[in-house]
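Modelling step: build the complete structure from the supplied sequences, incorporating the hints.
Keeping their order, the protein sequence lines are chains A and B.
The numbering of the first sequence is this note's numbering, which starts it at 2 and goes up by one.
The numbering of the second sequence is this note's numbering, which starts it at 2 and goes up by one.
Check the hints yourself; a few may be wrong.
[Said to hold, decoys possible] Calculated lysine to aspartate or glutamate pairs in the EDC-like style (CA-CA distance at most 20 Å, straight line):
(1) B:K156 with B:E138
(2) B:K84 with B:E73
(3) A:K204 with A:E253
(4) A:K156 with A:E253
(5) B:K204 with A:E185
(6) B:K156 with B:E38
(7) B:K204 with A:E38
(8) A:K156 with A:E241
(9) A:K204 with B:E129
(10) B:K156 with B:D67
(11) B:K156 with B:D45
(12) B:K84 with B:D67
(13) B:K204 with A:E105
(14) B:K84 with B:E38
(15) A:K204 with B:E44
(16) A:K84 with A:E70
(17) B:K204 with B:E129
(18) A:K204 with B:D67
In case anyone wonders, no lab produced these hints; they're calculated from the structure.
Here is how the chains run, residue by residue.
Protein chains: 2
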Amino acid sequence: MRTGKGGARRVEIVGLRLPMVREGDDLAQLIVRAAEESGAGIEDGDVIVVSQVIVSKAEGRVVPLDAFEPSEAARSLAERTGKDPRHVEAILREAVEVVRVRGEVIITETRHGFVCANSGVDLSNVGEGMVSLLPAEPDLSARRIREGIRRLTGKEVAVVVADSHGRPFRRGAVNVAIGSSGIEPLLDLRGRPDLYGRPLRSKQICVVDELASAAELVMGNADEGIPAAIVRGYPYRRSEEGVRAVIRPREEDLFR
Amino acid sequence: MRTGKGGARRVEIVGLRLPMVREGDDLAQLIVRAAEESGAGIEDGDVIVVSQVIVSKAEGRVVPLDAFEPSEAARSLAERTGKDPRHVEAILREAVEVVRVRGEVIITETRHGFVCANSGVDLSNVGEGMVSLLPAEPDLSARRIREGIRRLTGKEVAVVVADSHGRPFRRGAVNVAIGSSGIEPLLDLRGRPDLYGRPLRSKQICVVDELASAAELVMGNADEGIPAAIVRGYPYRRSEEGVRAVIRPREEDLFR
Chain A
2 MRTGKGGARR VEIVGLRLPM VREGDDLAQL IVRAAEESGA GIEDGDVIVV
52 SQVIVSKAEG RVVPLDAFEP SEAARSLAER TGKDPRHVEA ILREAVEVVR
102 VRGEVIITET RHGFVCANSG VDLSNVGEGM VSLLPAEPDL SARRIREGIR
152 RLTGKEVAVV VADSHGRPFR RGAVNVAIGS SGIEPLLDLR GRPDLYGRPL
202 RSKQICVVDE LASAAELVMG NADEGIPAAI VRGYPYRRSE EGVRAVIRPR
252 EEDLFR
Chain B
2 MRTGKGGARR VEIVGLRLPM VREGDDLAQL IVRAAEESGA GIEDGDVIVV
52 SQVIVSKAEG RVVPLDAFEP SEAARSLAER TGKDPRHVEA ILREAVEVVR
102 VRGEVIITET RHGFVCANSG VDLSNVGEGM VSLLPAEPDL SARRIREGIR
152 RLTGKEVAVV VADSHGRPFR RGAVNVAIGS SGIEPLLDLR GRPDLYGRPL
202 RSKQICVVDE LASAAELVMG NADEGIPAAI VRGYPYRRSE EGVRAVIRPR
252 EEDLFR
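And the structure:
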């Protein structure tokens, strides 16, 4: 934690400009180099937030649409939603359940357990005729990047893989964490004293989602090529637990 | 927007330590003073994120539990959920609809249109025997603080009033915006080119929610007395539209 004059707590977020990522690229290396070029470098305790799309690219999860031969179900859903049948086929293959369909929107539960639009299968930022699928195991992707950074720099950081999700009740998407490593994803304040010394009863904060959202303040627009960020000065608890712990089991969910 | 070495985009978040807020306090004044004490001051283009609880306190929206004489409906729901019947009465009076009930959780739609736990009526951080209700018009609360800061400093800032909301599908709460002033709440990227020059088809980002989440990285724990933060270096569009624009109308919502 950094404190300035008057003991103020400060957090700094630095956007990292990376070259176009290709399959097989070493993201840890690209991130460390970009951090040096930014002047920020990498420090112990940094949280590195990485956009899903470059993780998918590096891991070979960007594939030609033509690889998805549409089933009958995909063709029918494509007609209903106005989507490319190959895109719908990819969405269905990545899903364990179609949760809602309306207009051109298909909400699914992915194999990881995320409830999101299109199983996270995206046509943007990947070039004509291609689709990006979510990383197969985003917590593992985060761990690999973290270990790579440790190997290259000797620094102990946390890594969050972020993707943009829509939400019920509120318009607009926000960045959330789909994978993490080296950080406790949920901060449990229950039992801590409130301002008046009474124990807090029900406060559990999803800090990895807040970090993902914070990082978007510098990553922002798709066309700027800033797919990663350093969040510096945020005091987190180390943990080997990943975003898997954030997924609310269906039986615990009031809106499924 | 700030850029460092190598043109990196940087955002800084500074927590503001305020004295205990009381009804009638001038939040703009307290914030300006805390900003000076932190060494950060106030600059044009800052986003000031303010926690709901101090806005409610300043506006006299923290009231004795005893003011809520429980109706029959409140008593019955209190029994079902194990809550104080007066708390439930306050929840019901602030709600236009009870959306879900399970265990001790009551999800309502508030008079503002927010779908959240307990109509945002909170027993924490307000002292024994008291409850805090959400500000009656949080966009207006934000505007008043913004205008107060302009009067005191001559600086043009944006203000976001933030509260902690749980979400479907994901565990843990995150800070979201319940009021805003001086900033376009939703950033519409639709039609902008992606990395390959193809137009983005469906990207609309709720930047006020991301700012609220980012600010919690420094506001954090209830017992630390950091109920406000400055987000500096984030390039936003000015607007007189508030968070009202973020509320998804029921008929547009797939999960109502």
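Numbered hints the structure breaks, given as an ascending list: 1, 4, 5, 7, 10, 14, 15, 17, 18
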